[in-house]
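Take a look at the letters that make up each chain.
Protein chains: 4
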Amino acid sequence: MKSIGVGVIGTGYMGKAHSVALKAVGTVFKTGLRPVCEMICATTAAGAAEKAAAYGFARATDDWRILVADPAVEAVVIASPQRTHREIALAAIAVGKPVFCEKPLGETLEDSEVMTAAAEAARIVNMVGFNYIRTPASQLALQIIQAGEIGRLVHIRAEHTEDFLADPETPANWRTREASSGALGDLSPHIINAALRLAGPIESLVADIQTVHATRPGPDGPEPVANDDQGHFLCRFASGAMGSLSFSRVASGRKMGYAYEIYGTKGALRFDQEDQNALWLYENEAAPGREGYRKILTGPAHPDYEAFCLGPGHGTGYNDQIIIEARDFLRAIETGKAVWPTFRDGCEVNRVVAAAALSNRTRGWVTVSQV
Amino acid sequence: MKSIGVGVIGTGYMGKAHSVALKAVGTVFKTGLRPVCEMICATTAAGAAEKAAAYGFARATDDWRILVADPAVEAVVIASPQRTHREIALAAIAVGKPVFCEKPLGETLEDSEVMTAAAEAARIVNMVGFNYIRTPASQLALQIIQAGEIGRLVHIRAEHTEDFLADPETPANWRTREASSGALGDLSPHIINAALRLAGPIESLVADIQTVHATRPGPDGPEPVANDDQGHFLCRFASGAMGSLSFSRVASGRKMGYAYEIYGTKGALRFDQEDQNALWLYENEAAPGREGYRKILTGPAHPDYEAFCLGPGHGTGYNDQIIIEARDFLRAIETGKAVWPTFRDGCEVNRVVAAAALSNRTRGWVTVSQV
Amino acid sequence: MKSIGVGVIGTGYMGKAHSVALKAVGTVFKTGLRPVCEMICATTAAGAAEKAAAYGFARATDDWRILVADPAVEAVVIASPQRTHREIALAAIAVGKPVFCEKPLGETLEDSEVMTAAAEAARIVNMVGFNYIRTPASQLALQIIQAGEIGRLVHIRAEHTEDFLADPETPANWRTREASSGALGDLSPHIINAALRLAGPIESLVADIQTVHATRPGPDGPEPVANDDQGHFLCRFASGAMGSLSFSRVASGRKMGYAYEIYGTKGALRFDQEDQNALWLYENEAAPGREGYRKILTGPAHPDYEAFCLGPGHGTGYNDQIIIEARDFLRAIETGKAVWPTFRDGCEVNRVVAAAALSNRTRGWVTVSQV
Amino acid sequence: MKSIGVGVIGTGYMGKAHSVALKAVGTVFKTGLRPVCEMICATTAAGAAEKAAAYGFARATDDWRILVADPAVEAVVIASPQRTHREIALAAIAVGKPVFCEKPLGETLEDSEVMTAAAEAARIVNMVGFNYIRTPASQLALQIIQAGEIGRLVHIRAEHTEDFLADPETPANWRTREASSGALGDLSPHIINAALRLAGPIESLVADIQTVHATRPGPDGPEPVANDDQGHFLCRFASGAMGSLSFSRVASGRKMGYAYEIYGTKGALRFDQEDQNALWLYENEAAPGREGYRKILTGPAHPDYEAFCLGPGHGTGYNDQIIIEARDFLRAIETGKAVWPTFRDGCEVNRVVAAAALSNRTRGWVTVSQV
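Protein chains in written order, with numbering that gives the first Met the number 0: chain E, 0 to 370; chain F, 0 to 370; chain R, 0 to 370; chain P, 0 to 370.
No lab work stands behind these hints: they were computed from the structure. Please read these numbers as outputs of a predicted model, since none were measured by experiment. A few of these clues could be false.
Same chains, same label: a pair holds when it works inside one copy or across any pair of copies.
[To be verified] Pairs of lysine to aspartate or glutamate residues, derived as EDC-like cross-links and limited to a Cα-Cα distance of at most 16 Å, are as follows: (1) 1 to 333; (2) 1 to 284; (3) 265 to 166; (4) 265 to 168; (5) 29 to 49; (6) 265 to 148; (7) 1 to 49; (8) 336 to 219; (9) 102 to 112; (10) 1 to 271.
Please work from the sequences and hints to get the whole structure.
Here you go:
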C-alpha cells in the first residue's frame, strides 16, 4: 500500500468534510493509495494552525501557494471560495499535481473552460466535487436508468432547494453579496449535474430567476442583495426528454431539497436527499393490481454501500458521500484514469448555469451549446 | 325543506359521480333545497333508460334538449363531452335554468367567454366543476394562505399528472383523437384552477408541450395521436410569486398526481391528492430545533369535513368532493348568490390554457390577459 | 328492481352514516334491492322528527318498538348505544326482520351469544357493523393473504388507537362512565375483528389493560373513570402465527390509528387507516437489489373500488365503507345468503374481548375458546 | 492534544466500524484524546495482518491476550463474538485498561454481572456498544422526553426487527447455532436499551418467544435451529407507563426496523431507524386545526449533529453513530467520568433479556428485579 500526501485549501464546511473523508477513506474502502493529511491552508496563520490541530494535519499555512508548491503535497483539494478556484487550480496543474476542486468549478463559464483546458492539456488528474449524486441511492438510480428498467426517459423534475435565506430578516452575508453566490451559482449546479448525469445533455432551456428579498438587514441598515434567491427552468434534453428544474434558498421547510422524479416509458424513479437512503421505483409492468412505488432501502446490493455497512437499511450519511468522492479521486490518481465528474463535466454544468442566466436576461429559450 | 328537480346530461364517469352526489348531498349536508333525480340523458334511449334505473332517476331521454326543456327539470348538470358544453349551457341559460357544467368549461376560450357572458347577462346561477380543490385539505390550504400563516407566497409548484397513457402500446381512443382532450385540455385545467384559487391570477407564462407517443395502435395499424401527452410551464403570478406547473398523462406511477407545494415567506404547504386527507404545513417560526413539516390529518376542525364524519383522520374520498360541489350548487340556487367557481372562473382557467398553447407555438413568454 | 323499507334506530354518528349510505348505495352499486328510508328513531319525538327531515326519512319515532313493528319497515339498522343492541335485535328477529347491528354486537359476550343463537334459530339475515375492514385496501390485504402471496403468516401487529381522551383535562362523559365503553369495549373490537379476518382464529392471549387517567373533571369536581384507557395483548393464532394487538383512546397524535403490519414467510403487508387508500406490500422474491415495500394505491383493480370511481388513486373515504356495508346487507337480504361478518362473527370478537378482560384480571394467559 | 493507543479485537462487521470511527473521530469532534490504531486482533495471524493493513493499524495479532497486554495498547475495544466478551473484558480490567465492549455485554446475565462488578471494583472506564440510540434523532427524542414536552409517558411501542432469516431456505449458520444468538440474544438488547434509556426501568413483563423455522438447510440436510426467530413482550415501566416490545429476524421487509412510538400525556414521538434522520413529534397543544405529527429533520440544532455537517437535513449515517460512541469512550477516558451506557447499563439490558426468557418458559408475568 502506498501513501500520498494531500493538501487541503479551505477550512470551512467543505474543508472539514474533506478532512474527515481523507482520514476515513482508506479504512472504509481499502484504497490502493492511502492519503496522508499533509498540509491545510486557511486565511490566517493562526486559523490554519488551529485547524491543522483540529483536523489532524501535519502542517498548516495561510498561503495556498506554499501548499501547492510543497513537495510533500502530492495532490490538492480546493475547498476555498469559488472565486479562488481558477487561480489555485491552474497553479496546481502547472506543477503537475492532481487536483480536486469543489463545485462549482469556476466562478464563470470562462473560468471553467480555462481550467478544463489547462488540466486536459497537462493531462493532470482532475475532478470536481459534486457529492450528492454519489449516494448509493443516486448511483442506483443511474444503474436503473442505464439498464433501461424505466424505459426511455420522458420527463425529469429536479430541484435543489433549501431555506437558509427564507426569512427576510436574515442579515446580509457573503452569500448575499457576491454575484456568483446566489441560488443559481451556489445551488443550481448540484441539480444540473444530477440532471446531466441521469438524463444526458441538455439542449435548450428557458429560465426565470428572481431575487425575492431585494434587501436584507446590513450593518448600516437595509443592504441590497447582489444575487438571486430562486429560479426555475424548463429544458429539453438531447434525448428528447423534457425537464423542469428548480433551485431556491428561500424554499421554506426545505433543508436538503435535492430531489428528483424521473418518468420513463416503463417506469419511474423518485428520490429526495432528505431521506437519502431510499430510492423509489415504479415499474409499469408489475402484476395487475400490484403496481405501486416501491421504497428501496439502500444496502450492500447497491453501489458503494457495502464498504460502509453490511446491513441494509442501516444508512449512509453526508460525510459518506465525501468519502466515496475521496475514494474516486485516489483511484483516479492511482490508475491515471479519469473518474467522473472531471473538470469537463463541471464545465458543462457551468454552461447550463450560464444558459439559464442568459435566458433569464433575454426572456426566451436558449440553446445551451451556443452559450 | 324544498325540493328541486335536477337533470343530469351524461352517464359516464362524471355523470355517475354527480348522480351519487345528488342522492347523498341532502343527508350529508341538510341542504335547504333537496335535489330530486328527475331525468338523465344518455346518447341512446336504451342507455338512458338503463342508467336511469341504475342511478335512480325518475325519467330518461336520449335528447338533452328534452331534458333542458322539461318543466320538472329545474336545474341542469352537464357531464357530457367537452365539445357539447357550450350548446347545452346556452340552451339551459336561455330557459332560465341554473346550470352546473363539468370542467373544462368550453372546448375553447371563446366558447367559455360566450357561455360566461350568456350566464351573466341572464343572471343565471352558473358553476363549473373543479372538484379536487374542494377536499377539506385543499380548502384548509386556502384558509391558511388567506390567513397569512405562510406569509407572502414566493413559489408555487403544482401538477396534475396521471399515467393512463404512459404505455405506448395503449391503443388510440377518444382521448387521443380529439384535439381538446390532450393533457393540456383535460388535465391542466384542474391544476391551473388550483393555482389560481390558491395563489391568485397568473400574469405571464412560458410553456413547453409535447406529444411523447406520436402514434398509438389503432384498429388499422398505427394511428397518429391528435394531441399532447405532457406539458410544463413557468409562470409569474400577479402577486409576484413564481410558478412551475406540470400536466401529464404519461407520468408512470402517478395515479392521481394532483399535487402542489406552496412556499411563502413564513412557511410552506404540501399536498398530494393521492393522500387527500393530509395537508403538510411548515411554519418557519416553530421553536428552534422543532421545525418540520407537520402532517395535518383532516377532521371536523377543517372545512366541510364534519358533515361527513365526526372523527378526524377517518377520511373523505373522491365522491365526497362531488357532494361538496353539489351542496354549493344547491346553495347558489337557493340563495341566488354565486358560489366559486363560476363560469367566469372557469373561463379564466381556459384563458391560461390558451396562453400555454400559444406560448408553446410561439416558443416564448405570453401575457395571459392578452390572450 | 325492488325496493325495501329500512328503519334506522339511532341518529348519532353511526345513525347518520348509515342514512347517507342508504341514500347512496343504490346509485353506487346498482343493488338489486333499493333501500327506502322509511323510519328513523331517536330518543325524543322532536329529535326524531328533526333527524327524519335532515336525513330524508319518511317518518320518525321515539320508540324503537314502533319502528320494529311497522309493516313498512322491512329491515332494521341498529345504531343505538351498545346496551340496547340485545333487546332491539331480539325484537327484530322475533318479527322476522333482517337486522344489521352496529359493533360491538352485544354489551357482553353473553348478550352476543344470545343474539347470535336467536338470529340463527330464526334464520334471519343478520350482520354486524365492522366497517373499517371493508376498505378496498383491507379487502385487498385479505386477497393477498388468501392467495398466499406473503406465504404463511408469522406475526401480526395491529392496533386501533385514537387520542380523543389523551388530554387528562377532557371532562368525563358517557364514554368514561359506562364500563363497556372503554377502549377495550369500544375500540378493541375493530382491530380484533381485523385480526380474525386477516389471520384467522385466536387461540390464546395475555393482556394488560390500564386506566391512565383515574379521574376526569366532572360537573361536581373530579369524577372517577369507569373504564380503561388503553390495553395491549400478545396472542397466538390457531395457525401458529404470533400477534401483538393494541387499543387506546389516549394515544396522542393518533386520529384513526386502525393499522396493521402482517409478516409472512414470503412477504409482508402494512396498512394504516389514516392513509386508507394505500396498502404497502413487500415481496421477498423481488429482483435482488430491488426489494422494498411497494405503496399500492387502491383503484378499480381492487375490491369494491370501481363502483366509486374509475380512476385509481382518486380515493374512497369513511362513508364509502358504510356504503359497501349497506350493499352487503342488501345483498344478504336479497339472496338469503349470509354475508360476513354475521352475528356469529361479531360474537367471536366479543369472546376475544372477554378473554382479554379475563387475562387482565387473572394476570396470565387465557385460552380464548374456554371463555 | 494527547494521543492514546487503541487495540481492537475482532475484524468483522463491528471491528471494521470501530476502526473507521477511530480514524475519523478526532477530525469530526476535535477530541481531547486522539486515538492511534495501535493493534488489531483476528482469529488468524494472516487475517489479522490483512485487516491491519486494510484498516490502517500499526500491528496485528491472532491472540487477544497479546493485544491486551501490549503496553502501547492503552484502551481496548471488544468487537469479538459474545461468548468471548467476559474473558477479554476481565483481562483488560485486570491490567487497568479502559474497555469498550460491544453489545450484548455478556452472553448471560451472570457474565454481565461479573464484568460489571469487576469494572466497578477496579474503577476502570467501561462502556457498552449500543450505537443506534446515539443518532441525533434518538438523542433528540431523549431531550424532548426529559424536558417534559410530551408529558408523562403512557405507552411505549418499540421493536428491533430485521428479515435476514425470513426465508426458510436461508441455510443454517452461526447465528442459528448458538443459543445466545437468536433474535432475543442478538436483537432485543438494542431495543430494550432504547426503552430503558427513553422510558426508564422496566418493572415487570410477559413474553412470548418463538422459533418460526425449526430447521434450516445444513451441510448434511435439515439442521435444527438452536434459538428463537422472534419474540414479543408486554411490560410495565417503573413510571407506570405500559410497553410493547418486539424483536424479530424474520420480519419480511424490515431491514433496520429499530423503531419506536412513544405516547405521553402531552404529545408523542415516532422514530424509525430506516429513516434515521427524522424524528416525528406530535404536540397536543398545537393550534386547533393545526395538530399533526411534525417531521423534524435532524440538523445542527440537535445533539452531536453539527460536528458532522453544518447543513440540516444533510444526514448522518450508520458509521456516524459509531463515531459518536468513540467520542464518548475517549471522553470518559480523558475525564475519568463514566459515559452512558456503562457495563452497569448493559447489565440491566441483560437482566430484561433474562426476564423475557424466563417469562417465555414460565408462561407468565415476571418481575424483572427478581431475575
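Results of checking the hints against the structure:
Taking CA atoms no more than 16 Å apart as the test, residue 1 paired with residue 333 passes inside one copy only; the shortest distance there is 9 Å, against 33 Å between copies. Taking the shortest alpha-carbon separations for residue 1 and residue 284, neither the intra-copy value of 49 Å nor the inter-copy value of 43 Å comes in at or below 16 Å. Taking identical chains as interchangeable, the C-alpha atoms of residue 265 and residue 166 lie at most 16 Å apart only when they sit on different chains, with a minimum of 7 Å there against 42 Å within one chain. Taking the shortest alpha-carbon separations for residue 265 and residue 168, only the inter-copy value of 11 Å comes in at or below 16 Å, while the best intra-copy value is 47 Å.
Taking the shortest alpha-carbon separations for residue 29 and residue 49, only the inter-copy value of 10 Å comes in at or below 16 Å, while the best intra-copy value is 29 Å. For a Cα distance limit of 16 Å, the shortest separation of residue 265 from residue 148 inside one copy, 7 Å, qualifies, whereas the shortest one across copies, 24 Å, does not. For a Cα distance limit of 16 Å, the shortest separation of residue 1 from residue 49 across copies, 15 Å, qualifies, whereas the shortest one inside one copy, 28 Å, does not. Taking identical chains as interchangeable, the C-alpha atoms of residue 336 and residue 219 are never at most 16 Å apart, the minima being 52 Å within one chain and 48 Å between chains.
Taking the shortest alpha-carbon separations for residue 102 and residue 112, only the intra-copy value of 14 Å comes in at or below 16 Å, while the best inter-copy value is 52 Å. Within a single copy, residue 1 and residue 271 get their C-alpha atoms no closer than 38 Å, and across copies no closer than 41 Å, so neither meets the 16 Å cut-off.
Of the numbered hints given earlier, the model fails hints 2, 8 and 10; all others are met.
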